[in-house]
Amino acid sequence: MEKLCSSMSFYVLGLLYTTNEKIRQMKRPSLLLIALLIVLGGKAQDFLNQATVNGSFQIDAQLYRSDAAIGITDSSIAGRKIGVNGYGNIIYSLGNFKAGMRYEAMLTPMLGFDPMQEGSGFPYLWASYSTDFIDVTVGNFYEQFGNGLIFRSYEEWTLGYDNSMNGMRVLLNPSKGVRLKAVYGSQRFYWQKYERNNRGLVRGVDAEFSFNEILGSLEDSPLRIIVGASAVSRYQRDADPIYKLPENVGSMAGRINIGLGNFTLMTEYAHKINDPSALNNFIYKEGHALLTSLSYAQSGFGVVLQLKRVDNMGFKSDRAYVGNALDINFIPPINRTHAYSLTGKYPYATQPNGEMGMQLQIHYKIPKGSLLGGKYGTGIALNLSQVNDIARNPIHDTILIGQPGTMGYTSDFFKMSGDIFFRDLNIEIDKRFNSKLKGIFQYMNLLYDIATIEGHAGDPVVNAHIGLVDLTYRLSSRKAVRVEAQGLFTREDKGDWAAMMVEYTIAPKWFVALSDQYNYGHPEKDQRNHYYTASAGFTRNATRLALTYGRQAEGVVCVGGVCRQVPASSGLTITLTTNF
Amino acid sequence: MIKKSFVFVLLLLLGSTVWAQESVLPKVTIKTLDGKNFNTSEIYNDGKPMILSFWALWCKPCQKELDAFMDNYEEWQEETDVKIFAVSIDDARSTARVAPMAKSKGWDFEILLDANGDFKRAMNVNLIPHTFLLDGNGKIVSQHTAYFEGAEYELYEKIKKLVGK
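So the protein lines, in turn, are chains W and E. Per this note's numbering, residue 754 is the first one in the first sequence, and the count goes up by one each step. Per this note's numbering, residue 489 is the first one in the second sequence, and the count goes up by one each step.
Rather than coming from a laboratory, the hints here were simulated on the basis of the structure. All values derive from a computational prediction rather than experimental measurement. You may find that some hints are simply not true.
Some but not every residue of chain E turned toward chain W, in silico, with C-beta under 8 Å [stated by the list, open to error]:
#1 P514
#2 S582
#3 K593
#4 G594
Selected chain W positions facing chain E (in silico; Cβ < 8 Å) [to be verified]:
#5 I979
#6 F1054
#7 T1090
For lysine-lysine, the following DSSO-like pairs were computed, each having C-alpha atoms within a straight-line distance of at most 30 Å [said to hold, decoys possible]:
#8 K851(W) to K627(E)
#9 K1232(W) to K646(E)
#10 K1232(W) to K1262(W)
#11 K648(E) to K1191(W)
#12 K649(E) to K608(E)
#13 K571(E) to K524(E)
#14 K1232(W) to K1278(W)
#15 K524(E) to K536(E)
#16 K1118(W) to K524(E)
#17 K646(E) to K1191(W)
#18 K1118(W) to K1189(W)
#19 K851(W) to K653(E)
#20 K1232(W) to K1118(W)
#21 K1262(W) to K536(E)
#22 K548(E) to K1262(W)
#23 K929(W) to K524(E)
#24 K548(E) to K1191(W)
#25 K1118(W) to K519(E)
#26 K608(E) to K519(E)
#27 K1262(W) to K608(E)
Backbone N, C-alpha and C define an ideal beta-carbon position, used for all residues, glycine too.
Construct the complete structure from the given sequences, taking the supplied hints into account.
Set out below in structure tokens:
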């Protein structure tokens, strides 16, 4: 039998026999049996032939050394000379069936990661079956409803953030243009296993309707309408000795996306019932969030205006927890994410307790051949964003704003406070001078309420000017030199910075780079440090090895709206990543 | 009897050809710039090669790579019919900014939005830029992380090899 099933053709033969059997109206059962075995055997072979396995591995390791100048002594290292964050991800798929796992080992985690991350194991294990109609996942999964205002489960490896769900998810596509989702489960909390009542449970449903697809006749209409709605609830037992807390906290959100020609309007509004928590200081006020954007895009020109209002919208699966984990929802910060070391030195993080913000971004490409456009055209991007606190009024003369156990405060939907959390005005010019030389030039004016955003109570607001030049010169078709020069000028916090970087690349495999960040304007003279690094890397296909030796300045690293405080460190960093 | 079997074998062969042409990319639902759902198994270029590149607004090397692709796209398409799919992994904070930015740059690619990283995870993408070269059936021929100036030439050599030029 084994021999018979060793090739695909026998599978075909098997099917043939079965069909013939049917034609003969199954007069010879023994032959049918043989045919069936051949079919099954053939299928088993297919299971092996058609299955695919793919995955990836990443290891980030740091070897620390003491460096008295930047305040790192043997006692602050405390014997932990090595930090290693590693993981491996494997996905097995066979037709409609898939299963996957991720193994993580953080022994010990690198500096700047939460000590709770120390551990190893399989935090992400799942299996799913999906057809065009249904998709069921058991185990761990990630999901987002709309913009995530009431539900988003995701991971950011580089930040050590993971709020994956552990439960079940069902996705349905009952007809063209209709998509339904249902999820339930508990959320990951580092390595702490879910046990009854040690944290909350999350349940949610979402529906989305794309009218142009539902009404097939509108498929090519210039007017496009997509409507969606979702509901999420959290159950957590009330064991509070003082307050009577809601055990089931419900939230709802509705969204609409209207496109007309080159215009797109996107709006989502979310509402949450009262949810006294450590995050909002146990007030019984309801929460809401509004996110809206209007954009226009055509070749060579694009503009987008975004508005946001958030009031008491922190939503965690443990109401007692205030750290960087267990978030049920995601309130996107609406400001530009910067890509350079000094422009990204003061990144904004959403204030879920209340904020009102706007962002305007304009992109324009001065056409090729015009006076300013030159031979290659010139790109200009202007971006302005500002976030203020919301205006809060006391609910009663005798009750303080935000007093625990009360309704907290009242807030006029259209009013904002004069307190600016963050403002970023930046302009970027992208210019190619000739076939060899191109550059990016950027100016940024920043206002940053360090006391609110980073919790440095009492520190004055940082007002900074930042400028940068990034030039790339192609030496040959595969070799290039890139030079980055940046300056950050401020009287507050750590004062002025200058940064310089030189990188030499040989495509597609090699790079070497030298960089220095110099805190020359630090108010205290003995802290005017250089943070130099030397790095080199090798990339072959999807395998990348990079080594960096030097000092890492204390700062905030943000990806996708979540930020992590990184302490100063000194030593060798190794990153190895591969994918298959 | 023989005739019927013959027809059946023929049908089966046809069936298996259809199967072979189906994209082997993971089936994940992401979004188009219009906000419509898009199943990644529909990434298809009529049997011709494809480039699948993961990028984000906060990733400068990604944008440099896509600019370099754009500079050569017309020529590449003329010679090899290659099609580029650029998947933005920007999350909800920036998804509204992707279309205005990409269109103003004149990127003539098929741009897709993977706001919660579902496609990224299914393709095992850790660092971006991460660029895949796919054959006409959606099978991965080669992949590369990071972008250095001039890497597009090596990629183009691979595309040419794939179409036998």
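Comparing the hints with the structure gives:
no.	hint	verdict
1	P514	7 Å, holds
2	S582	7 Å, holds
3	K593	7 Å, holds
4	G594	6 Å, holds
5	I979	5 Å, holds
6	F1054	5 Å, holds
7	T1090	4 Å, holds
8	K851(W) to K627(E)	18 Å, holds
9	K1232(W) to K646(E)	19 Å, holds
10	K1232(W) to K1262(W)	10 Å, holds
11	K648(E) to K1191(W)	28 Å, holds
12	K649(E) to K608(E)	27 Å, holds
13	K571(E) to K524(E)	20 Å, holds
14	K1232(W) to K1278(W)	40 Å, violated
15	K524(E) to K536(E)	25 Å, holds
16	K1118(W) to K524(E)	27 Å, holds
17	K646(E) to K1191(W)	26 Å, holds
18	K1118(W) to K1189(W)	20 Å, holds
19	K851(W) to K653(E)	37 Å, violated
20	K1232(W) to K1118(W)	27 Å, holds
21	K1262(W) to K536(E)	27 Å, holds
22	K548(E) to K1262(W)	18 Å, holds
23	K929(W) to K524(E)	11 Å, holds
24	K548(E) to K1191(W)	13 Å, holds
25	K1118(W) to K519(E)	26 Å, holds
26	K608(E) to K519(E)	13 Å, holds
27	K1262(W) to K608(E)	23 Å, holds
Checked against the numbered hints given earlier, this structure breaks hints 14, 19; the rest are met.
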